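Read top to bottom, the protein sequences are chains A and B. If you use this note's numbering, the first sequence corresponds to residues 1 to 768, in order. If you use this note's numbering, the second sequence corresponds to residues 1 to 117, in order.
There's no promise every hint is true.
Below, in silico cross-link-like pairs of lysine-lysine (DSBU-like), each with a Cα-Cα straight-line distance of 35 Å or less [stated by the list, open to error]: (1) B:Lys51 to A:Lys583; (2) A:Lys25 to A:Lys441; (3) B:Lys51 to A:Lys725; (4) A:Lys759 to B:Lys103; (5) A:Lys678 to B:Lys100.
So, partial list: chain B residues that the calculated Cβ filter (under 7 Å) puts toward chain A [as the list claims (entries may be wrong)]: (6) Met1; (7) Leu4; (8) Ile20; (9) Leu21; (10) Ile56; (11) Val72; (12) Ile93; (13) Lys96; (14) Leu107.
Hints listed in this document are in silico derivations from the structure and should not be mistaken for laboratory results. Since this is a predicted model, take the numbers as computed values, not measurements. Cβ atoms here follow ideal geometry from the backbone N, Cα and C, with glycine treated the same way.
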Amino acid sequence: MLIAILLGFIFSLFLVITGKFFKGKFSILAAGVPLALFIYFTQFISRISNGEVITQFHSWIPAFGVNLGFTLDGLSLLFSLMITGIGFLVFVYTSAYLKGHKYLDRFYGYLSMFMAAMLGLVLSDNLISLFVFWELTSITSFFLIGFNNTSRESRKSALIALAITGIGGLSLLVGALFLGSITGTYSIAEMLTMNPEIASNPYYILIVLLIFGAAFTKSAQFPFHFWLPGAMKAPTPVSTYLHSATMVKAGIYLLMRLTPVLGDHEFWNTTLIIVGAVTMVYSAIHTLFRTDLKGVLAYSTISALGILVFLIGQGTVEALTAAAVFVIVHALYKATLFLVTGIIDHQTGTRDTTVLRGLRKVLLPVAIAGFLAALSSAGIPPTIGFIGKELTYESTFHFGNMAILLMGLIVITKILLLYAGFVAGIKPFTGVLPERFENTKMPSFLMWLPPVLLALGCIVFGIFPGLIEGSLVKPMVSSMGLDGKEIHLKLFHGFNIILLLSVITIAAGTVLYFMIEPTKKRENWVAKFEKISPQTVITNSWTNFIKFSNGWTNLFQNGYLRNYVSTIMIFLIALTGYSLFSKANFAVDFNSFSPITVYEAATSVVMLIAIGYTVFTRSRLAAVASMGIIGYAICILFVIYSAPDLAMTQFSIDTLTVILFVLVLYKLPKYLKLSDYKMRIRDGILSLAFGTIITLLILEVLAEPKSSEVSDYYAANAYILAHGKNVVNVILVDFRGSDTMIEISVLAIAAIGVFALLKLRLKKSDQR
Amino acid sequence: MEILLAIMIGVLYAAGIYMILRRSLVKLILGIIILGNGANLLIFLLGRVVKGSPPIIPADSDVFQSVYADPVPQALILTAIVISFGLQSFAIILVKRAYKVVKTDDLDEMNAIDKDS
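Let the hints inform the model, and build the full structure from the sequences given.
Have a look at this one:
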């Protein structure tokens, strides 16, 4: 199973070298990867439907309990089949849709990496590895949404999607760490039995909120939904794959997977029902105002995700069965509608519902696919959509005392979704074909076959629900911790109130479809409310945050060396000064100091004059010369205080520096008076304050006793171990010989740098 | 004497910082050199100073017989002097090169990356 998951990553690496091959005529071969995986996963269907759970374990970081554990049960099997099956169709479709595209190989690389990450996500048993794959899907989807990287809008959408889902990912990580520390394991399978302990933990609410943070951002729940319509900037295969069938379902998957661990708690259920209900109604209403086909589909997808969250929130066997069926239903019809939209866009060059008409005359197979998908989305028999809708109504109808209100909400949503499905799947194909579309050509069969296949699925599974009942739906419900034995999927449930509601939904939706034409006017009208939408609020607060951090950074990182130095100095003076004056006692014992002799006094005076001259002279040469005098004065101090080696080194180095300076200097212009009086005063005060702090610090340190363990060791062993009498030399070349060695290499590097700079010949263009 | 040395170090630090705060590149390098000298003296003084007894073991014995100057700070400073020479020589040549390319010695004017700004 590990190989199956990694195959996508391996293939994308392989594409780096063989990109040219897959870019050209043979691009269809790339679809072999998802096809092979799909076949691989289908062979597990019979074993899983017998109640088997297939697990695999690879140790990764056992010290932290982070392992690559994989579980294939009903839930992950369904998602794996969707990921690879729809993935296969999308790969095939892409080979025609992006035929001859400059970066087709890159696209396949991203797509297969995404597929692998998605497989890893749904198969992971370990919460931490699940998080890793979760983040990988966010990152790969960033590249896919921003695939048209020359478009500003596209880049922006990709960034927003990454930011929103990325924040969710962090939330998931924190939630996983909490769960891990409570249960002592990161394995979901091991957590299954610990539901009561987790639910009674004081952090339960926090954990649930963190997990919700992840699921709601990924599955575009209100108020985080806005990244999804933005992500429609991606090429249509991406929208199909990521934003209808797979990635946005990752949040749904997470909720389903953790239902037995965290569910069956009032907070869990109520929050999910409220958020799901708000999302499904809010975005279903939004579909009324869209004229871009992909916009309609985006909002209806959000609404469908809302329905799923709403159903998971109910948490009953009926509701979870409905959710399981609806995942399949939605994947089939929404992928079809996206692919159909892609074909329309590809062949006619527009996705505007206000102008698209009568395309059935030129794109017949596509029209059939769109029609069937629209029926399924509307829940009209005999499609599988009908079964999904019936189950949804039934479970909501049986849901306690709030049933009437919830029922009202779900019926309204379904009516609006029927409208959306018709607008996307039927409207472009009915009516009179306008002149401008008369020459529309049929696309290659590689493009129209995938949606037709998916649309057939909507019908076939609707007429023969037994095909998915035992093989997929039952094992899926039981892997959510509930008994799925009683589940029977069928088209006709007898005459009852549910059927009546279905009829009302279909009738009302159809009436709505014929009454309301999508118009630009309404779209513009709703655009007025953009100002108070969650998207505007969040993007504004984040633009302001960026402005703030820009200002803050510019305040301190302004590119002027002296400002950095002053800031550092001010803080250093304040902090050291504070602790010096608050803690130190200034018990300076002047008697312990040696008396000042005339040599020292004279040297100090010379040094003082030289320092003053270096600082204040207007002549550069004089400054360098007096700097040399400072060096010599220090040299004399070294002689007085028993450091002959230092004196020699200081003398030679100081001389060399001065010579080098003078050699360079005669080429430079004169000193300019660059700073004004005020700045000099300010800098002078700052420097003097710093100098004073240093002096006080020295006096304070000198009052403390000194430890001389290290020096004593060297002094005692210099001759005995290293046979040298000059202890300083012995330390440098023997005890710390390798340090000196490295020091020499540093000097060598500096020498190379100097040589290179001297020899460097500038091109004419580099000179000013 | 220690008190005098402590004051001298303070003066060296102040002068170094003041030079670093100037806009001229040459002054910047001079400032770094002065600051380096101050740091060397600081290490030297904190290792305690002794007159007339260098850390050299007398010819007629294997170990020190009397008080001796601390060799560790001396070894450290020796390294520091040599390394700072590497830094200084590179910086000086760099200033020369930079001046040749951008024709200015003013740090503020070197801030912009583009030629025409």
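TODO: Provide an ascending list of the numbers of those earlier hints which the structure does not satisfy.
DONE: none
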